[in-house]
Amino acid sequence: MTIPRNGAEGPDDEGPLLERLRRGEEAAYEELVRVHAGRMLAVARRFLHGEEDARDAVQDAFLAAFRSIDRFEGQARLSTWLHRIVVNAALMKLRTRRRKPETSIEELLPTYLEDGHLASPAVEWRKAPQDVLERAELRQLLLEKIHELPEAYRNVLLLRDIEELDTEEAAGVMGISPGAVKTRLHRARQALRGLLEPHLQRSAP
Amino acid sequence: MNCREFVDFLMDYLDGTLPDQQLTTFRQHMDDCPSCVTYLDTYRETVRLGRELCADPEGPVPPEVPRGLVEAVLAARRSERS
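Same order as they appear, the protein sequences are chains A and B.
The numbering of the first sequence is the numbering used here, which starts it at 5 and goes up by one.
The numbering of the second sequence is the numbering used here, which starts it at 24 and goes up by one.
In short, the hints are calculated from the structure, not lab data.
Any given hint could turn out to be false.
What the hints assert, rightly or not - One-sided excerpt, in silico: chain B residues whose CB lies under 7 Å from chain A:
1. Gln51
2. Ser58
3. Thr61
4. Val88
Built from N, CA and C at the ideal position, the CB exists for glycine as well.
From just these sequences and the hints, can you work out the full model?
What follows is the structure, given as structure tokens:
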């Protein structure tokens, strides 16, 4: 992951905080939690439906981070490191939940005629809105539709397209092969495209 | 190449990893099939919208950390250490 995720400070600016954390300074731990908890909660909410589960995942992530702060080498940003930890904590939390019956991904993929042509032609979409409120509505729609994907596909799509892990990283946290990540990602994107189409096509109100 | 094969190869095309031979037939199909061009555009738009609207920094970050979360984390740390 190379994209800065939180503010403009680079790792160099985090040195003093890191030293205070390693010394076990209580105020430094509080500062770390206050600065990063909001963004980590946003990440956990993308993976987990329930607010309580999302908060638990954030708490688990911080405790895991505190335990390994001595092993954090300071080459990545703290926010990037914490981001990875909360993604893992959210996935761990998902594994402890009983899986609900889900829609098959096949039902969400395009269908083809016998000769391999698309059974229903793809239709053009309207341009994405620039207005802040309309964008907030579209974001909500996207998150709802992502949550309609079967879990195994939803997680890969979140990891690769939203949390921006690369294929190898996503394979590592999911415990599957890079090839399986690519296959699932492609199917998840197709399914999400299909779920969005009725809402975004040009003729839609 | 038919539409099914076109859709199968679509991600490799966008990743720039489609071998030359398939790339040629992929492009030929684009010339012949406006529906698949639209499919490609809307697939790409799906990925773009996800990144643009849901990923940080534009994502819905709570303006304030929910009351109690900071305290709960710090209390959990204290109880783990004791």
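Taking the hints in turn, this is what the structure says about them:
{"no.": "1", "hint": "Gln51", "result": "15 Å, violated"}
{"no.": "2", "hint": "Ser58", "result": "4 Å, holds"}
{"no.": "3", "hint": "Thr61", "result": "4 Å, holds"}
{"no.": "4", "hint": "Val88", "result": "4 Å, holds"}
Going down the numbered hints, you'll see the structure goes against just number 1.
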